[in-house]
Amino acid sequence: MFCNQCEETVKGTGCTVKGVCGKDDEIAAYQDVLIHVCKGIAIRNLAAMKHGRGDPQAGLFLSDALFSTLTNVNFDKVRFTELINRAVAIRDALPASGSPEPDACTWKPAGEGHILMKAKTVGILATENEDVRSLRSTLLFGLKGIGAYYTHAAVLGKTDDAITGFIQKALASLLQDLPVPDMVALVLECGEYGVKVLALLDDANTSAYGKPEITNVKTTVGTRPGILITGHDLKDLEMLLEQSKDAGLDIYTHGEMLPAHAYPAFKKYPHLYGNYGGSWPHQKEEFEQFNGPVLFTTNCLVPPKDTYKGRLFTTGLTGFSGVPNIEAGPGGKKDFS
Numbered sequence: 000m001f002c003n004q005c006e007e008t009v010k011g012t013g014c015t016v017k018g019v020c021g022k023d024d025e026i027a028a029y030q031d032v033l034i035h036v037c038k039g040i041a042i043r044n045l046a047a048m049k050h051g052r053g054d055p056q057a058g059l060f061l062s063d064a065l066f067s068t069l070t071n072v073n074f075d076k077v078r079f080t081e082l083i084n085r086a087v088a089i090r091d092a093l094p095a096s097g098s099p100e101p102d103a104c105t106w107k108p109a110g111e112g113h114i115l116m117k118a119k120t121v122g123i124l125a126t127e128n129e130d131v132r133s134l135r136s137t138l139l140f141g142l143k144g145i146g147a148y149y150t151h152a153a154v155l156g157k158t159d160d161a162i163t164g165f166i167q168k169a170l171a172s173l174l175q176d177l178p179v180p181d182m183v184a185l186v187l188e189c190g191e192y193g194v195k196v197l198a199l200l201d202d203a204n205t206s207a208y209g210k211p212e213i214t215n216v217k218t219t220v221g222t223r224p225g226i227l228i229t230g231h232d233l234k235d236l237e238m239l240l241e242q243s244k245d246a247g248l249d250i251y252t253h254g255e256m257l258p259a260h261a262y263p264a265f266k267k268y269p270h271l272y273g274n275y276g277g278s279w280p281h282q283k284e285e286f287e288q289f290n291g292p293v294l295f296t297t298n299c300l301v302p303p304k305d306t307y308k309g310r311l312f313t314t315g316l317t318g319f320s321g322v323p324n325i326e327a328g329p330g331g332k333k334d335f336s
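In numbering that gives the first Met the number 0, the protein residues as written are 0 to 336.
There may be inaccurate statements among the hints.
List of simulated lysine to any residue pairs, SDA-like, C-alpha gap at most 20 Å [to be verified]:
| no. | residue 1 | residue 2 |
| --- | --- | --- |
| 1 | K234 | K244 |
| 2 | K244 | K332 |
| 3 | K195 | T137 |
| 4 | K234 | Y262 |
| 5 | K76 | G112 |
| 6 | K244 | A264 |
| 7 | K304 | G277 |
| 8 | K168 | T126 |
| 9 | K107 | T120 |
| 10 | K210 | K266 |
| 11 | K217 | P258 |
| 12 | K217 | S278 |
| 13 | K234 | G156 |
| 14 | K308 | E284 |
| 15 | K333 | P292 |
| 16 | K267 | G209 |
| 17 | K76 | Y262 |
Across the chosen pairs, the derived CB separations fall in these ranges [said to hold, decoys possible]:
| no. | residue 1 | residue 2 | range |
| --- | --- | --- | --- |
| 18 | K267 | E127 | 56 to 66 Å |
| 19 | G97 | K267 | 20 to 30 Å |
| 20 | T306 | D91 | 36 to 46 Å |
| 21 | G321 | L124 | 22 to 32 Å |
Hints listed in this document are in silico derivations from the structure and should not be mistaken for laboratory results.
Ideal placement from N, C-alpha and C gives every residue a C-beta, glycine not left out.
Assemble the whole structure, with the sequences as input and the hints as a guide.
See the structure below:
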């Protein structure tokens, strides 16, 4: 494996045996193959849209797929297998973009060994020229961030075809032999769309829950049973609070969910008791001490200790082998009971 997409990476150069984040070489391989097939979706859908035959939902899937490969999101090989198979199905439902097509438009998995073999030829190091590799990697990492924010905004009903259009254009470019100035321009354009997607997410959050305001948050614990919720997904928090409001328990935020206390809409729930613990790197010690269930709505998930793994639940794109994932039903509703 080779992964250098985050600040955790070994010696600041890249993880080659096992990720500092906890992912092993097989998960890294599945992520690389998923991205490879996503490039094929982008190429075919861009061509199809020119003739009015594109898939309008492909952009959102690509956003979700990119998000799933971010650090500390998904460690579940079964979930990645499902994503790869779904990506292939979406791609193959689109008309061929032309002849000849790149491998990303035609390759199909034939079991785990086939996926692992393919990963050896499609990862970051498959690009030999270091300058080109650097530019492609920078663009891909930027797309993963855009994908994360776009997915969150879409959950709250805010979408933008221009953003998903750029995601597809940029993914397709990763298989094109572009001049270096054109690649630099795409990286800069990625930064512009990073700002646009942040504005979209801010609009989604504030439209749904109001503008954040200065808020005092308790960091002590109460006397009632509690559920700990972490991650970034405010919609999941809303559903959890609504479903638990008469259950005689308290809800605590952790890590990235702390800012939720500042949104006016959540202040109507008195059982949103406070914030437990600190930032995500401390979760192994803090979750071990917390005696209730822990719900991961997004990153950052660290491979859990056995002492509390049985109390963990994931939802959305977050996943870990052996940890139950709460799926969304019709209309995006989730049952947290």
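In rising order, the numbers of the hints this structure does not comply with: Hints 17 and 19 not satisfied by this model.
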